[in-house]
Amino acid sequence: MSRRTYRQMAPPPDEDGSALTTAPAYQFGSAPAPTLHASARIPATGPNLGGQPGIPDVGEKERPIGTNQAKKQRNSKGRVKNDDDVNLDDDLKKFIDIEAATKKRQEDFLEAHERITHKKFETARLRRESVLLESYQKLLCMDTREMTEDVRAEHVLAMKMLREKLASNNN
1 MSRRTYRQMA PPPDEDGSAL TTAPAYQFGS APAPTLHASA RIPATGPNLG
51 GQPGIPDVGE KERPIGTNQA KKQRNSKGRV KNDDDVNLDD DLKKFIDIEA
101 ATKKRQEDFL EAHERITHKK FETARLRRES VLLESYQKLL CMDTREMTED
151 VRAEHVLAMK MLREKLASNN N
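Just so we're aligned: 48 in the UniProt record's numbering is position 48 of the sequence shown, and the numbers increase by one with no gaps anywhere.
I should point out that these hints are in silico values taken from the structure, not numbers from a laboratory.
Careful: at least some of the hints might be erroneous.
Stated by the list, open to error - Here are the computed distance ranges between Cβ atoms for each label pair: (1) 167 <-> 115: 27 to 35 Å; (2) 88 <-> 64: 20 to 28 Å; (3) 104 <-> 170: 32 to 40 Å; (4) 74 <-> 97: 57 to 65 Å; (5) 111 <-> 170: 48 to 56 Å; (6) 103 <-> 156: 55 to 63 Å; (7) 126 <-> 152: 26 to 34 Å; (8) 104 <-> 134: 22 to 30 Å; (9) 167 <-> 97: 52 to 60 Å; (10) 156 <-> 129: 20 to 28 Å; (11) 168 <-> 141: 16 to 24 Å.
As the list claims (entries may be wrong) - Derived DMTMM-like pairs (lysine to aspartate or glutamate); straight-line CA-CA distance at most 20 Å: (12) 138 <-> 150; (13) 160 <-> 134; (14) 103 <-> 122; (15) 72 <-> 85; (16) 138 <-> 164; (17) 160 <-> 143; (18) 160 <-> 149; (19) 103 <-> 85; (20) 138 <-> 154; (21) 160 <-> 122; (22) 104 <-> 114; (23) 165 <-> 122; (24) 165 <-> 114; (25) 165 <-> 129; (26) 165 <-> 154; (27) 120 <-> 108; (28) 71 <-> 85; (29) 93 <-> 111; (30) 160 <-> 150.
Just so you know, even glycine gets a beta-carbon here, dropped at the ideal spot from N, CA and C.
Generate coordinates for the entire structure from the input sequences, incorporating the hints supplied.
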């Protein structure tokens, strides 16, 4: 008769949630397997359960869905919301909120840019007007007694032109 060994399966976790293992596997045909009390179990440690070589640690992998849940999903035909749908809805809400905030910032930026452009335009207009006013004041202060008739006529035309420009700028 050949000797077979039974592969020992990991027991379910205890009340405190720790996975515990029983004594090492025994061979077929030897003495019956001893029944161990819960206090005699060896706690699972390290990469292997209970320090036993050959039993890999599965870690925290996501379990596949059960058959009943698979049937519900198959028969529901899209009527039941998945967690993925909820996550997508949350992501969509976040995206909409971010887009609205970005649009508001862009509108604020455009308003500020428009105010700055208007102020620059107004500053340039006032600068031109001040230059015209200075020229007009210089022409007013000029002594015309020693000017010839031609120069005096040009002087009068220049003053008239500057006066009209200043009057049109004020309106």
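Original post:
If you check each hint against the structure, which ones fail?
Top reply: 4, 5, 8, 14, 19, 21, 24 and 29
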